Amino acid sequence: MEAVSYREINRRILGSLLPPGKPYYLALLACFSGMVIGASCWVYQIYFGLGVAGVNHPVMWGTYLINFVFWIEIGHAGSLTSALLYLSGAKWRNPVGRSAETMTVFAVAIAGLFPFIDLGRSWILYWLWPYPNQRNLWPNFQSPLIFDEIAAAGYLIISSLFLYTGLIPDLAVLRDHHRGVRRKIYGFLSLGWTGSHRQWHHYKTAYMFFAFLITAFVVCVASIVSWDFALTIVPGYHSTIFGPYFLVGAVHSGMAMLLTLVIPLRRIFGLEKLIPIRVLENVAKIMIFTTILLIYIYFVEFFMAWYSGHAAERTTFWLRVFGPYAWQFWFTVFTCMFLPLMFFFKRVRTRPMGLFVISIVINIGMWFERFVIVVGPLTHDFIPYAWGHYWPSWIEWGILLGSFSFFFFLFLIFVKFLPSVSITEMKEMQEAPVRVEGTMKGRGA
Amino acid sequence: MRWKRPTDGVLGIFSREEDLRGAIRSVEETGDRVEAVFSPLPLGEMGEVFSLKPSALRYLVLGGGLLGLLAGLGLAVFASLQWKLDVSGKPVVAWVPFTVIGYECAILGGVAFTLMGVLLLGRILRFRVPRYYDARFTEDHFGVLVPCPSHRQEEVSTLLKTAGAEEVHEVRT
Numbered sequence: 001m002e003a004v005s006y007r008e009i010n011r012r013i014l015g016s017l018l019p020p021g022k023p024y025y026l027a028l029l030a031c032f033s034g035m036v037i038g039a040s041c042w043v044y045q046i047y048f049g050l051g052v053a054g055v056n057h058p059v060m061w062g063t064y065l066i067n068f069v070f071w072i073e074i075g076h077a078g079s080l081t082s083a084l085l086y087l088s089g090a091k092w093r094n095p096v097g098r099s100a101e102t103m104t105v106f107a108v109a110i111a112g113l114f115p116f117i118d119l120g121r122s123w124i125l126y127w128l129w130p131y132p133n134q135r136n137l138w139p140n141f142q143s144p145l146i147f148d149e150i151a152a153a154g155y156l157i158i159s160s161l162f163l164y165t166g167l168i169p170d171l172a173v174l175r176d177h178h179r180g181v182r183r184k185i186y187g188f189l190s191l192g193w194t195g196s197h198r199q200w201h202h203y204k205t206a207y208m209f210f211a212f213l214i215t216a217f218v219v220c221v222a223s224i225v226s227w228d229f230a231l232t233i234v235p236g237y238h239s240t241i242f243g244p245y246f247l248v249g250a251v252h253s254g255m256a257m258l259l260t261l262v263i264p265l266r267r268i269f270g271l272e273k274l275i276p277i278r279v280l281e282n283v284a285k286i287m288i289f290t291t292i293l294l295i296y297i298y299f300v301e302f303f304m305a306w307y308s309g310h311a312a313e314r315t316t317f318w319l320r321v322f323g324p325y326a327w328q329f330w331f332t333v334f335t336c337m338f339l340p341l342m343f344f345f346k347r348v349r350t351r352p353m354g355l356f357v358i359s360i361v362i363n364i365g366m367w368f369e370r371f372v373i374v375v376g377p378l379t380h381d382f383i384p385y386a387w388g389h390y391w392p393s394w395i396e397w398g399i400l401l402g403s404f405s406f407f408f409f410l411f412l413i414f415v416k417f418l419p420s421v422s423i424t425e426m427k428e429m430q431e432a433p434v435r436v437e438g439t440m441k442g443r444g445a
Numbered sequence: 001m002r003w004k005r006p007t008d009g010v011l012g013i014f015s016r017e018e019d020l021r022g023a024i025r026s027v028e029e030t031g032d033r034v035e036a037v038f039s040p041l042p043l044g045e046m047g048e049v050f051s052l053k054p055s056a057l058r059y060l061v062l063g064g065g066l067l068g069l070l071a072g073l074g075l076a077v078f079a080s081l082q083w084k085l086d087v088s089g090k091p092v093v094a095w096v097p098f099t100v101i102g103y104e105c106a107i108l109g110g111v112a113f114t115l116m117g118v119l120l121l122g123r124i125l126r127f128r129v130p131r132y133y134d135a136r137f138t139e140d141h142f143g144v145l146v147p148c149p150s151h152r153q154e155e156v157s158t159l160l161k162t163a164g165a166e167e168v169h170e171v172r173t
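Chain order of the listed sequences is H and G.
If you read the first sequence in this note's numbering, its first letter stands for residue 1, the second for the next number, and so on.
If you read the second sequence in this note's numbering, its first letter stands for residue 1, the second for the next number, and so on.
Just so you know, the hints here were simulated from the structure itself, not pulled from any lab data.
Quantities reported herein were computed from a predicted structural model and do not represent experimental measurements.
Where a beta carbon is used, it is the ideal one built from N, C-alpha and C, also for glycine.
Worth double-checking, as some hints may not be accurate.
[As the list claims (entries may be wrong)] To spell it out: a stretch of chain G is covered by chain H in this simulated footprint if at least three of its residues, at any positions, have a beta carbon under 8 Å from a beta carbon of chain H; those stretches are:
{"#": "1", "stretch": "54-60"}
{"#": "2", "stretch": "79-93"}
{"#": "3", "stretch": "107-113"}
{"#": "4", "stretch": "123-136"}
{"#": "5", "stretch": "162-172"}
Produce the entire structure from the sequences given, and follow the hints as far as they go.
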């Protein structure tokens with residue numbers, strides 16, 4: 001990375017918190033409009049009932065479940081980028097670690113909305129929680145849906161605390177930089193951080209434990225989300241490969257989303273010096289790895305369906321390729337398995353605009369991948385007379401639009417009030433300055 | 001002579017890490033001790049300088065994890081015994097699926113105790129900074145706080161200036 005002084009790091013990153021220009025407000029307005037559309041659709045559904053959504057027998061899991069899986073898996077990649085790369089000592093992750101952690105928190109928060117929405121009667125969600133009641137009814141802790149509920153709620157708590165812990169020293173920077181009300185707010189949030197050696201000593205240990213625990217939790221949550229499907233006997237769902245399949249898919253889509261967020265961020269706020277192209281290139285290299293894994297998993301799924309000799313399994317996979325949802329499948333194959341292989345070419349993976357466009361297309365493809373996984377098997381179950389078809393209604397499309405708008409809205413708000421790049425971790429990447437015969441030597445000088 | 005409580009002292013402010021290290025060495029050579037070092041980023045060698053033991057946080061994380069595990073398993077067992085769902089003779093208290101609940105709660109417990117531990121052990125949760133604190137410590141400067149009685153403040157100030165301190169402030173409580 002190019003040499004940048006500590007003061008320059010502060011100046012550049014805090015510069016992203018200055019009053020924004022018109023494009024920022026336009027983007028905010030666009031996101032807000034999308035949120036209003038999504039919220040209106042949800043209110044409409046609550047008023048008229050779940051019948052306004054496209055879900056009906058035999059497909060009772062539609063876009064709401066697809067969105068839940070999509071968003072929670074976006075979150076997984078954020079955690080893994082930040083935590084796993086931190087544990088492995090890959091310092092190149094420092095410039096994008098904060099964005100990845102933020103992405104996780106917002107994505108998981110949005111994922112957590114979809115069980116509410118899918119219930120129809122959202123206000124009775126508390127029935128899922130264990131609480132003493134007159135009828136002595138308790139949740140069934142043997143159900144993967146209860147595993148998932150605890151996993152999603154726990155994941156939101158853990159990822160929020162991980163993000164906040166990482167922010168504490170940066171909040172102190174903001175406290176010391178500002179005056180007036182902002183100073184008071186940032187001062188309160190930084191909890192009285194001084195940067196003393198004692199604080200750093202315990203802080204670094206805590207951060208390491210957080211990274212370790214969140215990595216262990218991500219693997220668990222990804223597997224548990226997959227068990228919502230794999231522990232049923234539906235052909236196309238009932239597979240032991242679902243755990244790693246969902247984890248790899250999560251990293252794949254999450255890395256694409258990270259590129260979608262970071263590329264405009266570095267351009268708009270002039271952070272090219274702090275987030276060099278090498279960082280984006282490394283993200284693209286990880287995606288090459290996940291693409292190859294995904295191709296292997298697809299191959300194994302199809303092979304096992306054929307090798308099992310099970311008529312329903314074979315039919316499900318035959319219909320996946322040639323059935324009513326064939327175009328979604330082939331679109332997924334093209335966007336998520338063929339397109340990322342372009343990253344083998346250095347020219348492609350070192351062009352921010354190319355990376356940005358490909359990352360958006362991969363995200364759309366990964367959404368359709370979940371569509372194929374969730375909807376396809378339900379439309380063609382064991383009993384032919386119960387076969388059916390599903391396509392989302394305008395209410396579901398509206399809520400999907402609302403979820404994306406809400407995600408980008410939250411991110412836009414975040415980057416204006418809190419540092420989108422970790423100031424402390426950027427300083428850690430610099431070589432310490434030393435005094436040599438009256439001159440300054442070293443990157444931090 | 002060792003000064004037990006940081007009542008009075010001297011705060012040296014440095015712009016270079018190398019000077020900071022030199023100042024710490026000089027202070028120790030004179031028999032004084034450094035109460036605290038402030039820096040905008042973690043300095044790995046401070047653990048050796050202050051002979052810091054590995055953080056006790058690890059015991060708290062382990063304790064939190066075990067507590068979470070027991071709480072998760074306990075809740076699952078309690079709930080299943082409250083409403084016995086007897087299906088095809090399968091066990092009501094099913095340890096295999098309950099392991100998942102236990103695992104999730106163990107990590108939640110570990111995280112909760114990690115946060116509490118860092119706030120308590122690092123003495124962070126004070127919501128205010130000391131009066132002698134300098135805002136440049138979060139930008140690009142380093143600080144060394146040397147506790148000493150008021151009659152020695154001048155001597156220590158000279159020592160820190162010689163070691164390369166940009167500024168020296170006398171700290172009074």
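8 Å C-beta criterion, at least three residues: is the stretch 54-60 of chain G covered by chain H | holds (count 4)
Given as covered by chain H, does the stretch 123-136 of chain G meet the bar of three residues or more with CB within less than 8 Å?
-> Answer holds; 11 residues pass the 8 Å Cβ test.
Examine the stretch 162-172 of chain G for residues whose CB is less than 8 Å from any CB of chain H, and state whether their number is three or more.
-> The restraint on the stretch 162-172 of chain G is violated, since only 1 of its residues have a Cβ under 8 Å from chain H and three are required.
Annotated coverage of the stretch 79-93 of chain G by chain H, confirmed only when three residues or more have a Cβ within 8 Å | holds (count 5)
Count the residues of the stretch 107-113 of chain G with a beta-carbon closer than 8 Å to any beta-carbon of chain H: does the count reach three?
-> holds (count 4)
In the structure shown, a violation is registered for the earlier hint numbered 5 alone.
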